[in-house]
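Number of protein chains: 6
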Amino acid sequence: MVTSYITRTASFSAAHRLHSTHLTEEENAAIYGKCNNPHFHGHNYKVEITVKGKIDPITGMVMNMVDLKACIELAVMDPLDHRNLDIDVEFFKSVPSTVENLAVFIWNNINHHFQKDHAGKSNTAKLYKVKIYETEHNSVEYFGEDDDVIN
Amino acid sequence: MVTSYITRTASFSAAHRLHSTHLTEEENAAIYGKCNNPHFHGHNYKVEITVKGKIDPITGMVMNMVDLKACIELAVMDPLDHRNLDIDVEFFKSVPSTVENLAVFIWNNINHHFQKDHAGKSNTAKLYKVKIYETEHNSVEYFGEDDDVIN
Amino acid sequence: MVTSYITRTASFSAAHRLHSTHLTEEENAAIYGKCNNPHFHGHNYKVEITVKGKIDPITGMVMNMVDLKACIELAVMDPLDHRNLDIDVEFFKSVPSTVENLAVFIWNNINHHFQKDHAGKSNTAKLYKVKIYETEHNSVEYFGEDDDVIN
Amino acid sequence: MVTSYITRTASFSAAHRLHSTHLTEEENAAIYGKCNNPHFHGHNYKVEITVKGKIDPITGMVMNMVDLKACIELAVMDPLDHRNLDIDVEFFKSVPSTVENLAVFIWNNINHHFQKDHAGKSNTAKLYKVKIYETEHNSVEYFGEDDDVIN
Amino acid sequence: MVTSYITRTASFSAAHRLHSTHLTEEENAAIYGKCNNPHFHGHNYKVEITVKGKIDPITGMVMNMVDLKACIELAVMDPLDHRNLDIDVEFFKSVPSTVENLAVFIWNNINHHFQKDHAGKSNTAKLYKVKIYETEHNSVEYFGEDDDVIN
Amino acid sequence: MVTSYITRTASFSAAHRLHSTHLTEEENAAIYGKCNNPHFHGHNYKVEITVKGKIDPITGMVMNMVDLKACIELAVMDPLDHRNLDIDVEFFKSVPSTVENLAVFIWNNINHHFQKDHAGKSNTAKLYKVKIYETEHNSVEYFGEDDDVIN
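Chains as they are written, first to last, in the numbering used here: chain A, 479 to 629; chain B, 479 to 629; chain C, 479 to 629; chain D, 479 to 629; chain E, 479 to 629; chain F, 479 to 629.
In case anyone wonders, no lab produced these hints; they're calculated from the structure. Ideal Cβ placement from N, Cα and C applies to all residues, glycine included. What you were told as hints is all true, and nothing was included just to trick you.
What follows is a set of in silico ranges between Cβ atoms, one per label pair, in the way DEER data are often shown:
| hint | chain 1 | residue 1 | chain 2 | residue 2 | range |
| --- | --- | --- | --- | --- | --- |
| 1 | A | His517 | D | Ala508 | 44 to 52 Å |
| 2 | E | Glu623 | D | Pro535 | 49 to 57 Å |
| 3 | F | Ala548 | E | Asn589 | 43 to 51 Å |
Go ahead and model the full structure; you've got the sequences and the hints to work with.
What follows is the structure, encoded as C-alpha cells:
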C-alpha cells in the first residue's frame with residue numbers, strides 16, 4: 479500500500495501577549511519586547527495540519543478531508559478563534575503563548591479529538607505535523623517530538 | 479506630465495474587539511457576535527497606502543518610496559503595531575475599531591504626517607487610497623470621501 | 479458621513495467548458511482552443527464582492543460582514559460550488575461560461591439576494607464591484623455597467 | 479559533494495468527480511458528498527516537483543531547471559491540463575481521482591519521463607517529492623513510499 | 479452591451495539600478511540610496527495588464543485571453559525578461575528605470591502591439607491599466623494619464 | 479523536552495547571471511540560456527531560515543525570533559540585498575551564482591554568525607534548513623548535507 483501525507487489548512491484570529499510567570503517584569507520586558515504589551519496584541523494564525531497514512535484502495539483517501547476539517551473545527555477553531563489565548567485558554571495560564579507552545583497545544587488537542595472521533599474510520603491515519611504561521615514572516619513546525627513522553 | 483499611483487505595503491499585529499458605546503450589551507452581542515468577546519481577539523492587519531502624483535522628470539518618481547516608508551512607520555506602525563486598538567489608541571475610545579474606522583484613522587494620520595514631513599518634497603503627491611486587509615477574506619478601501627468635511 | 483468600500487472574498491470549485499451556441503464546432507475550437515474540450519475542465523474560482531456605502535456612526539460598519547458572507551453563500555456558493563457551470567446553472571445554457579459572463583451572473587445574483595434579504599438593514603450599502611480570478615493569471619472585474627439596462 | 483533539493487512549480491486546470499467503482503451509489507454519495515456530483519466540478523491544481531541530488535561542481539546545479547520544466551510539461555501539463563481526469567486519463571478509470579491518487583499518477587509519470595529523457599544528464603538527481611494543492615486549503619505530499627513495490 | 483475589465487498577469491526577472499543623468503553622483507547616491515549601486519541589483523517584476531471593453535455577445539469575451547497573452551509576450555516578456563533594463567532597453571538610457579517609468583514603457587509598448595496586432599479583432603477593447611509589483615511591498619499603477627499627450 | 483522547528487522569512491533583491499569559469503562561452507550559453515546574459519538579470523529572492531531546537535520551559539521559545547531576525551540581517555541582508563551577487567560577493571567569483579550555491583553560501587554565513595553571536599543564548603538551537611525561492615516557480619532547500627565536510 480501507498481503512504482501519503484495530506485494537509486488541511488485553517489485560520490483563526492486571536493489576541494495574546496508573551497509573558498512568563500517564571501520571569502520578573504524586567505526580564506519579561508527584556509526578552510519579549512513589544513510582544514510583552516500588557517494590553518495584548520493579536521494575529522491571524524494560519525494552521526496546517528498534516529496527517530500521514532496509507533491510501534485506502536477503495537476510497538483513494540488517507541482520511542476523509544471532511545472528517546479532518548471537522549476535527550480542526552473542534553480542536554482548533556472552537557477553542558482559539560476570536561479568543562484571548564492567555565485568558566480564554568486554560569493551557570496558557572501556566573506556559574507562555576509563544577507560537578512554539580501553541581503548536582504543542584494544537585498537536586495535543588488534534589490528537590485528543592482524532593483518537594476519540596475518528597477511531598475505526600482509518601487504521602493507518604496519524605497526525606504527522608502541526609505548522610503555524612504567526613505572521614507571514616514567522617512560523618513553527620511541530621512533529622510531536624517530546625523527550626518527556628514515554629512513547 | 480505623467481500621473482502615476484504608487485503603493486507601499488506594511489503589516490502590523492494588534493488586538494481589538496468590536497463594541498459600540500452607543501449600544502446596549504445585548505445589542506453589541508447581537509451585532510458583533512464573537513468579535514464582541516470582552517477579552518479581545520486580534521489580527522495581522524495588512525495596509526496598502528496609495529499616493530497619486532506626477533512623475534518627476536528628473537528623478538522618475540512620484541515620491542521617494544523611502545519617504546513613504548518612513549511616513550508609514552510614523553503614522554501606522556508606531557501607533558498600531560503590537561497594540562490594543564481599543565485601549566492604546568485614543569481615536570477608538572469613542573468609535574468602534576471596525577476595519578472601516580481603522581482606515582479612516584490611518585487616512586487622517588498619514589495625511590497629518592504627510593503634510594508635516596513631506597512639505598516641499600513634492601508639489602503633486604497626494605494620499606489617494608488606504609486599503610486594509612483585516613483577514614485574507616475581509617478588506618476595506620477608503621478614498622477620503624467624507625460628506626462632513628468641507629474640502 | 480464617510481463613504482467606504484468593503485470587500486469579502488470566497489472561493490468555489492466548478493467545471494465548465496467554453497462553447498458558444500452561436501458558433502460552429504470549427505469556430506468554437508478555433509476561438510476557445512483547449513478550453514473547448516467537450517469533457518470539460520475546471521477551476522478554483524476566487525470571488526471578491528465589493529460593497530460601497532456610508533459608515534454607520536453607531537456600528538462603525540458599511541454593512542455587517544456576517545450579512546455579506548451569508549449573501550455570498552446564497553448567491554455564489556450554493557448555485558456554483560462543486561457544480562458544472564454549463565449543465566447545472568440555467569444562465570449558462572444560453573451564454574458561454576466565460577469569466578466575463580460569470581461576473582455578470584454573480585452581479586445579478588448578489589443584487590437579487592441583496593435587495594431581498596438586506597432591505598432595511600442599510601440605507602446606503604450597494605453592490606459596487608464583482609471581481610473573479612479564474613486562475614492566478616486571469617481575472618475579470620464588473621461594475622454593473624450595462625448599456626442595455628435602463629437605469 | 480553537496481546534496482540539495484530543487485523544486486519547480488506548475489499549475490493546471492482540470493475537471494473531475496470523486497467516485498469509486500468499488501462502492502454503491504449510496505456509499506459514493508455518503509463518502510464523497512458534493513464532490514460526487516455526476517456532472518463534475520474542477521480545480522486549478524498547483525503541483526510542486528522536488529528533485530534531490532548532488533550539486534554539480536562545474537554547473538552549480540542539481541539538474542537544469544529547463545530540463546525539469548520540460549519534463550513537467552510532458553508528464554503533468556500535456557496529460558492533465560484542461561482535461562477531465564476521469565474521462566481523459568486512463569489511470570483514473572480504475573481508481574478514484576482523489577488528490578492522493580493524482581500525486582501517485584504524477585510521481586509515476588514524472589519518473590517515467592525522468593528515466594527516459596534525462597538519462598545520462600545527471601548521475602545523482604532523483605525525484606524526491608510530489609506535492610499537489612487541490613485548493614488553497616487541501617494538499618497532499620507523496621514521497622514514493624509504496625509497500626507493494628519491490629524496491 | 480456590458481462593459482467588463484479583464485486582467486492578465488505575467489512575471490519577468492530583470493536587473494537595473496536607479497540613476498538619473500540629470501543629477502550629480504552625490505545627488506544620485508542621496509536620492510536613490512542602495513538602489514544606486516553601480517553594479518546593479520534586480521527584481522522579479524509582476525505585471526498586471528487590464529483591458530476594458532464590451533463583452534461580445536457571441537463569444538462572451540472582451541478580448542481573447544490567448545491574444546492578450548501573446549501581446550504581453552511581445553510587449554513585456556521579449557524586451558524585459560532576463561534583461562538589464564538600463565543597458566538592454568533603449569527607453570531607459572534617457573530616463574531612470576524607476577517602477578513608475580517602467581509602467582509608462584510597458585503601457586506604450588502594449589498599446590503599440592495592441593493597435594498593430596489586434597486591429598479588427600475587437601472594436602471596443604482598450605488598454606485600461608498597467609500595474610507593476612517591483613517587490614511584494616512596492617507597486618505602481620498607470621492609467622495612461624499624460625498631460626503632455628494631445629489625446 | 480519538546481523539539482520544535484522555527485522559521486523566519488526575509489527577502490532581498492539582487493542582480494546576477496549564470497556563468498561558470500569551468501566552461502567555454504558556447505557551453506555557458508548552451509547550459510544557462512537567457513540566464514547567461516552578460517549584462518545580468520535579477521530577482522527578489524525570498525529566504526526561509528529554519529532552526530531546530532528544544533523549547534525552553536521558561537521562555538517557551540526555541541530561540542528568540544528577534545535574535546534570529548538580527549542574525550539574518552547580518553548573514554543575508556547585509557551582504558546580498560541590492561547587490562550584484564557575481565561582482566559584490568567574493569564567494570561567487572569561483573562558483574556560479576545558482577540558487578543551489580546561494581543556499582550553501584547562506585547556510586555557511588548563517589552558521590558563522592550563529593556560532594559567533596548566539597553562543598550561550600541557547601544550548602540546543604541549530605540551523606536546520608535554508609530554503610530560497612528564486613522566483614515563484616523555482617526554489618531550493620539545503621540541509622547542510624555535504625560529503626566533503628568531516629562532521
